[in-house]
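Q: Below are the chains, spelled out letter by letter.
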Amino acid sequence: MLSYLQRLGAVSISMFERLGRGSLFFVNIVFSVPSVIVRPRLLIAQMHSVGVLSFSLIVISGLFVGMVLALQGFYTLSDFGAEGMLGVMVSASLIRELGPVVTALLFAGRAGSALTAEIGLMKATEQISGMEMMAVDPVKRIMAPRFLAGLISMPLLATIFSAVGIVGGYFIGVGLLGIDEGGFWAQMQAKIDFSEDVMNGLIKSVVFGWVVTWIAIFEGYDAIPTSEGVGRATTRTVVHSAFAILLLDFILTALMFGDI
Amino acid sequence: MHISRSIEVLVGFFVAIGFVAMFFLSMEVSNLSNVGGEEGYDVKANFENIGSLKVRAPVSMAGVNIGRVKAIDFDPESFEAVVTMNIEAQYNQLPLDTNASILTAGLLGEQFIGLEPGGEEDVLVNGSEIELTQSALVLEQIIGQFLFNSASKE
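Here the protein sequences line up with chains A and B, keeping their order.
Numbers 1 to 260, taken from the numbering used here, label the letters of the first sequence in order.
Numbers 261 to 414, taken from the numbering used here, label the letters of the second sequence in order.
Hints are computed from structural coordinates only; laboratory data are not their basis.
No residue lacks a Cβ here, since even glycine has one placed at the ideal position from N, Cα and C.
A hint or two may mislead.
Restricting the straight-line Cα-Cα distance to at most 25 Å, the calculated cross-link-like pairs of lysine-lysine (DSS-like) are [unchecked claim]:
| id | chain 1 | residue 1 | chain 2 | residue 2 |
| --- | --- | --- | --- | --- |
| 1 | A | K191 | B | K413 |
| 2 | B | K314 | B | K330 |
| 3 | B | K314 | A | K191 |
Quick partial rundown of chain B residues pointing at chain A, CB under 7 Å, derived from the structure [as the list claims (entries may be wrong)]:
| id | residue |
| --- | --- |
| 4 | S264 |
| 5 | I267 |
| 6 | F274 |
| 7 | M282 |
| 8 | F283 |
| 9 | L285 |
| 10 | S286 |
| 11 | I403 |
DEER-style ranges, computed between Cβ atoms [stated by the list, open to error]:
| id | chain 1 | residue 1 | chain 2 | residue 2 | range |
| --- | --- | --- | --- | --- | --- |
| 12 | A | T253 | B | K314 | 19 to 29 Å |
| 13 | A | G183 | B | K314 | 13 to 23 Å |
| 14 | B | P355 | A | L71 | 29 to 39 Å |
| 15 | B | K314 | A | I37 | 21 to 31 Å |
| 16 | B | L399 | A | A254 | 26 to 36 Å |
| 17 | B | E389 | A | L177 | 41 to 51 Å |
| 18 | A | G183 | B | N386 | 27 to 37 Å |
| 19 | A | L71 | B | Q350 | 34 to 44 Å |
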């Protein structure tokens, strides 16, 4: 009995210790951001590996999600004779929910896991301690550019996802299912509000970008420097990011749209 | 650290596409293009019953949207709803005796305010009040009246 309690206590303490280390690490990164602005080339290289390499995945997923939404939405809406609302349905669900959330989940799988593996391997091959020996701050040189790149790329990717998805929905709705083109866009413009929908979706994607990149970089930095440890850290990044995204999405949706 | 030109070009391309997508979402998909700032003038109208009219509902004349409902208040003295409409500045020639009624778009659609022009030469300006109003048709009341009438006929 006592040993169970002891184990529970140990697990809780180590969990809070990790959370504390993660928060301190985040504060450290935030204070290192000015040094990235001085050297934008570091940021551009990271924007390439985090953003540009995720681009094709995001475009293809967005296109298909939009097309499937149009097909499924048409099925339900045609029962009520409200096919004209298809554009509203596709764009509202993409801009408010699916754009930020699905992009963040894909981003965690594509870019987050790569970040963790990269930093974890740097640690395992003692490149990070090597940098410290040469009096180069690894947080400024490695972590901060990656963090900033993730924070900038994520909203861009989510916006591209939503836009491509709406175009996909348009192809299916207007091209395949024969909905009136004018109604598709006009109803959308009448219903989608810039500050209510577009800006809130953007805020969501910034928050998700922050949490995914933070988790990914911290897991890499905190990984046990063996091949097994790096593998575990990479898995943890994807799992924890997915949990964090869905939990934060619920909280943000309740605050933004829930009239609480 | 040396990074090649093509990487810089790709990153620039990526950021540019992101901004194009943002522009698309704000101009084509959302209503930002028809907001046109908060200019225009405010007109008030008292209604006995506004049904389920909401703030930001369209105000239209001859089927063309010329403004939006800005605020809905309750007048505790006359027990009527006071609807403030913001009409776009370019439509500044509406006669003073314009008639406002609350209409419904389709059977299940949202409610909006329809304006019908009167014949006076004076025009509505900021702060004017529309005197001639017609309340929203509440479906339950109409059905109730219909049932009442058909019962009294027998």
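Q: Of all the hints given earlier, name the ones this structure violates by number, lowest first.
A: 1, 4, 8, 11, 14 and 15
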